[in-house]
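Asker: Sequence:
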Amino acid sequence: MPTGDPVTHRSDPTAAPPGPAADGYHPDQVESKWQALWAERHTNETDLDGSTRPFYNLMMFPYPSAEGLHVGNMFAFAGADTYGRFKRLRGWNVFEPIGFDAFGIHSENYAIKLGINPAELIPRNIENFRRQLRRIGGMFDWRHELSTTDPRYYKWTQWIFLQLFKAGKAYRKAAPVNWCPSCKTVLANEQVINGACERCGTPVEQRTLEQWFFRISDYAQRLLDDLDDKGKMDWSDSTATAQRNWIGRSEGAEIDFPLEHDRAIQVYTTRPDTVFGATFMVLAPEHPLVPEITAAAQRDAVETYRRQVASKDLVSRKVGDREKTGVFTGAFAKNPANGRMIPVWIADYVLMEYGTGAIMAVPAHDERDFEFARKYGLRIVRVLARPGQDPDAPVEQSETGVEEFRLVNSGEFSGMPAAEGKTAIIRWLEETERGKGVVQYRIHDWCISRQRYWGPPIPIIYCQGCGPVPVPEKDLPVVLPVIEDFRPDDSGVSPLARHEEWYYVDCPACGSRARRETDVSDTFLDSAWYYLRYPSTEFDDHPFDHARTRKWLPVTSYIGGNEHAVLHLLYSRFIAMVLHELGHIHFDEPFAKFRAHGIIVKDGAKMSKSRGNVVIPDEYIARWGADTFRTYLMFLGPFQDGGDFQDAGISGPRRFLEKVWQLVGDCIRDDASGETTHKVLVKWNQTKKHVTHELEDLKYNTAISGLMGLLNLLREENCREKHVVQELVIMLAPFAPHFAEECWERLGHRTSVFDAHWPSWDEHLTVEHMVELVVQVNGKTRSKVQVRRDASEDEAVAAALADETVRRFLDGKEVRKPILVPNRLLNLVV
RNA sequence: GCCCGAGUGGCGGAAUGGCAGACGCAGUGGACUCAAAAUCCACCGGGGGCAACCCCGUGCGAGUUCGACUCUCGCCUCGGGCACCA
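The number in my numbering is simply the position in the first sequence, starting from 1, with 4 added.
Keep in mind that the hints were calculated from the coordinates and are not lab data. Note that this is a predicted model, so its numbers are computed, not measured. Note that beta-carbon positions come from the ideal geometry of N, C-alpha and C, so glycine has one too. Don't take every hint at face value.
[Stated by the list, open to error] What follows is a list of derived Cβ distance ranges for each label pair:
#: 1; residue 1: Thr-56; residue 2: Val-833; range: 52 to 62 Å
#: 2; residue 1: Ala-513; residue 2: Thr-56; range: 44 to 54 Å
#: 3; residue 1: Arg-311; residue 2: Gly-235; range: 53 to 63 Å
#: 4; residue 1: Arg-750; residue 2: Glu-623; range: 25 to 35 Å
#: 5; residue 1: Trp-146; residue 2: Ala-513; range: 37 to 47 Å
Could you put together the complete structure from these sequences and hints?
Answerer: This is the structure:
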């Protein structure tokens with residue numbers, strides 16, 4: 005063995021942990037014992053029908069990768085499990101289910117890499133995940149486990165698609181996808197690296213395919229409104245903010261810019277107040293008006309540009325810092341505000357999918373338009389100026405503010421503050437029928453089609469005569485066949501389309517020969533409703549049992565990562581809204597409370613395989629035990645912020661558990677009931693209060709340090725009072741469940757510690773009879789004096805004036821004003 | 001560029017208007033041991049003083065307050081997310 009530097013040596017997770025004493029703590033034995041007993045005694049199985057105080061404790065189900073659960077998953081699950089166990093001890097009937105999000109492109113890509121069919125690979129991964137989830141001691145009710153790849157599950161995913169289809173919430177439309185011309189296959193955005201296919205490096209193109217969409221954008225305003233309703237949605241601010249930004253509401257106007265022959269270009273703008281400054285127009289290259297308006301002389305240039313844009317992949321089109329490009333169409337439109345004819349251009353910085361796909365360009369007051377105008381020598385006219393500023397001052401860079409500006413060069417509107425001008429111009433547009441005020445959202449409809457194998461087939465049949473026909477509900481599920489050639493290949497069709505026996509079916513409507521939809525649905529559809537299925541996993545004839553759903557939903561507490569702030573959490577809300585509208589469920593917001601946890605870094609740096617600093621939980625659990633590992637994860641930083649995993653730090657929580665173990669041993673050997681000093685009594689009550697509050701707020705790190713503080717005092721005071729020790733064990737149980745069970749049993753109990761009651765405290769005993777009061781003179785701490793609890797201001801001042809040091813700093817001056825913070829501090833102002 | 005976080009000892013972090021550094025790690029000294037590990041005790045932001053004590057200190061600069069790590073305004077740095085959304 006080479007002698008490395010000491011830090012490296014210590015940070016070896018396989019280094020032996022501190023050895024236990026003879027009657028010591030052996031985590032392996034304790035943990036396997038209790039995992040077996042929990043299963044045998046059904047400790048973690050919730051009586052879903054008989055519960056009187058239901059608490060649905062949800063965590064984000066994992067995608068079963070081949071690598072197994074990583075430390076980030078462990079952190080999230082340990083944190084959510086700690087909360088569930090705490091709630092159970094507080095008297096709730098906690099339902100804590102788990103499952104596997106096993107469909108999707110990640111699983112499929114990995115299977116392709118290994119050359120193993122995902123249908124074979126995924127069950128193996130799931131088995132490994134189950135083992136790990138048991139190993140960390142999650143309070144899971146395994147009877148309700150689910151996997152999205154189970155036909156008993158995805159039957160209902162398909163059923164949900166059909167409900168949306170029948171309600172007109174699902175529709176088909178042509179949309180661009182990334183296409184690799186060499187592999188002849190569709191690529192997901194994450195498979196496009198710098199505009200090229202990740203597999204073969206060929207530049208990626210856009211192709212247009214017919215795909216299925218859900219009308220989530222119809223729900224934009226409702227999705228936004230509920231976020232402001234704290235009673236309905238108690239969510240982490242960071243998550244709610246991310247959703248608001250994603251939905252992207254903006255208020256502006258649609259304005260018509262007339263062309264020749266009674267036609268017009270409609271634009272959307274958030275700044276109608278600047279309409280007098282619109283000196284040119286820009287259409288998205290795909291805009292349908294482009295071919296008709298293009299002048300003969302410009303036709304070639306326009307066509308070339310359109311082809312160029314179409315050949316780019318979907319990712320690099322939207323990179324904002326690219327130099328602007330564009331082409332003049334030869335057409336002119338009339339600015340409705342000032343009647344001037346302005347040139348119409350096309351450019352790829354204007355996107356077809358937002359607004360109307362066309363803009364009025366106001367280069368003086370929009371950065372992008374300014375850049376474009378500079379490059380192509382287009383006119384720039386100032387229409388906003390600061391008070392006192394020359395209305396015709398040259399524009400050196402675009403000025404986009406509202407507050408500080410007034411309108412100039414804007415006809416009758418000149419002189420108005422910009423905000424007022426916006427309202428006035430919208431009114432004028434509406435009165436003269438040149439436009440109207442509108443609200444726009446950034447959110448797009450949800451494309452659920454995936455030209456892939458590993459997902460639930462979309463339950464639609466295409467018939468020559470009848471068009472798209474839904475698969476009858478009685479024929480669900482449309483089972484995903486196990487096929488050998490699941491890889492996308494160069495045939496240019498979805499893998500399922502190569503299987504004629506599956507592909508061709510009779511039309512459910514007319515009976516003639518028809519073909520199935522060969523795309524599968526997005527994984528996010530699987531995960532958009534899994535929480536609904538958990539309480540009803542044993543029912544095969546309906547997706548969610550009504551009584552169960554009514555009792556357990558919406559979810560009481562959901563804890564998960566903020567990486568899902570927009571997609572998963574927004575799609576789940578949307579699906580719940582639609583199912584509610586269609587009368588299938590009684591609620592329209594699925595998660596009453598959501599808390600985002602932070603992320604774990606290693607020694608201050610992000611974990612990554614290339615850095616070689618990935619924490620493999622199994623190794624740590626094998627060495628230190630699950631209880632120590634969990635406790636450390638919850639201790640290393642604030643749960644909602646994440647924290648820094650340092651190998652050296654894990655010994656602290658382990659030593660803490662060792663000391664508790666020893667205390668329990670002392671307590672059994674030498675039960676000194678009733679022998680508690682006043683000091684212990686106060687600390688004990690303070691700790692119970694503190695730990696309870698901190699757990700409620702998921703402040704696990706400070707809850708644990710509170711428990712450590714209590715333990716330290718018990719040791720100092722040589723206190724082994726059984727009542728106190730037992731309550732310490734209960735409070736530790738959410739963090740170290742196996743350990744607490746074993747201690748509880750050693751203390752003579754025959755039932756689970758999780759059937760015990762969470763300790764209560766005596767508020768009166770959280771403050772000492774005599775308190776130490778900090779004495780400040782003019783805000784500087786000078787001394788401390790003992791006063792009785794809740795001493796009055798007069799008493800406190802008298803005590804302070806009796807103090808030698810205080811008198812020295814008063815220096816004979818008279819106290820002008822005493823400020824007392826009861827039981828804490830007295831400030832004497834002289 | 002926009003949005004959201006965060007900047008406190010050697011390190012992870014605590015204190016959200018009232019003793020800055022709880023709790024833990026690492027470190028130093030001591031006890032125990034033939035020795036080591038484990039364990040136990042003490043110390044552990046910087047400077048000054050024999051000492052009682054005193055001064056300085058929470059990214060930087062102003063401000064509010066009897067009192068600011070905490071609140072306000074203006075910067076700087078780091079992390080994360082979104083990004084040509086008109």
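Asker: Run every hint past the structure and note whether it holds.
Answerer: Do the hints match the structure? See the list:
1. Thr-56 to Val-833: 52 to 62 Å: The hinted range 52 to 62 Å holds for Thr-56 and Val-833, with Cβ atoms some 57 Å apart.
2. Ala-513 to Thr-56: 44 to 54 Å: Check passed, 49 Å falls within 44 to 54 Å.
3. Arg-311 to Gly-235: 53 to 63 Å: Cβ of Arg-311 to Cβ of Gly-235: about 54 Å, so the range 53 to 63 Å holds.
4. Arg-750 to Glu-623: 25 to 35 Å: Holds: the Cβ-Cβ distance is about 29 Å, inside 25 to 35 Å.
5. Trp-146 to Ala-513: 37 to 47 Å: For Trp-146 and Ala-513 the Cβ distance comes to about 43 Å; the hint holds.
Going through the hint list in order, the structure satisfies each hint without exception.
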